[in-house]
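**Q** Given these sequences and hints, build the entire structure.
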Amino acid sequence: MNQKYKEQVYNEYIFRINKVQDYIEANLNGDLSLNTLAAISGFSKYHFCRIFRGIIKETILSYINRIRLERAMSFIRHNPAMSITDIAMMFGYSDSAVFARSFKKHYSVSASEIRKNYVKDIIESKNGKANIKLAGYNKGVCSNKHTQIKGSIEVKNIKEIKAIYLRHLGCYEELVSKFPKMLGELLDFAKSSNLVTRELKPFAIYHDNPEFTKKHNLKTSVCLVVNATAKVEGKIGFLTIPSGKYAIGHFELKNPIDYSKAWDYLYGEWLPKSGFQPNNGYNFEMYMNNPNNHAQNLHFTDIYLPIKAM
294 MNQKYKEQVY
304 NEYIFRINKV
314 QDYIEANLNG
324 DLSLNTLAAI
334 SGFSKYHFCR
344 IFRGIIKETI
354 LSYINRIRLE
364 RAMSFIRHNP
374 AMSITDIAMM
384 FGYSDSAVFA
394 RSFKKHYSVS
404 ASEIRKNYVK
414 DIIESKNGKA
424 NIKLAGYNKG
434 VCSNKHTQIK
444 GSIEVKNIKE
454 IKAIYLRHLG
464 CYEELVSKFP
474 KMLGELLDFA
484 KSSNLVTREL
494 KPFAIYHDNP
504 EFTKKHNLKT
514 SVCLVVNATA
524 KVEGKIGFLT
534 IPSGKYAIGH
544 FELKNPIDYS
554 KAWDYLYGEW
564 LPKSGFQPNN
574 GYNFEMYMNN
584 PNNHAQNLHF
594 TDIYLPIKAM
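Going left to right, the sequence shown walks through residues 294 to 603 as my numbering numbers them.
Heads up, none of these hints are tricks.
Straight-line C-alpha distance at most 30 angstroms; calculated BS3-like pairs for lysine-lysine:
1. Lys494 with Lys443
2. Lys507 with Lys528
3. Lys566 with Lys409
4. Lys443 with Lys471
5. Lys508 with Lys471
Honestly, the hints are just simulated from the structure, not real lab data.
Source: prediction; values computed, not measured.
**A** Here you go:
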């Protein structure tokens, strides 16, 4: 068995597990039975559980529970108009008591305490008594006084975006070093499949929040916009970002630290005063230039946040 064939087989395994992860994210309140997930993977139930754990380093049940709780945590903090019970139902919990026990076991604090303390921070921040401490989708803390980023926010209805992707599992420091190679692979695939758009539009979807997801579990999709539905193979996947209303932050960033400031500004300062709340969907960064080609190495980055009225 030659090395090339082994790589093809490995890439097929990654492709199948990515399909399962994509399905789970899109159906957190739907059918996540072992029968369904195994069927999506193309493996038997017996083998699927072991393969998933071997690749993701987490059991399938633990993975589903963690993703549900992390999404719920984000909504509890950023969607004050929704009741905790409604949020629990939204992410697949039919019993609020079961959700409450699971949440407290996972975070060592109750969902109601999280909401109470977060709303208190929002009120105190508006009164000038405290800063809102949000990690956003990269670590860091941002406040009015310390924000040193240049940018603007617009609310816009966007059209559907089709993209091919490669997935990275692990800390963002590793992702930074691997990003150019991953993007190169996507571009080669797009060219060979006649999928290249007029303007190259790479972007990254940060599926998890590092504030309450362990580094080794952080999942990121490095994506490239394509001009049609792609027939993918191996480790390259295809996804669609649905049309809808988004807050789009247009930022000029000087260094990696500025990315955290941009996310924190969007979530911690703009959003609470905007009249909107986060909607369920992908948050992502669209990279509008190559900073290596800019005289000052500036990163022109658009951050997309799905939103809806309060």
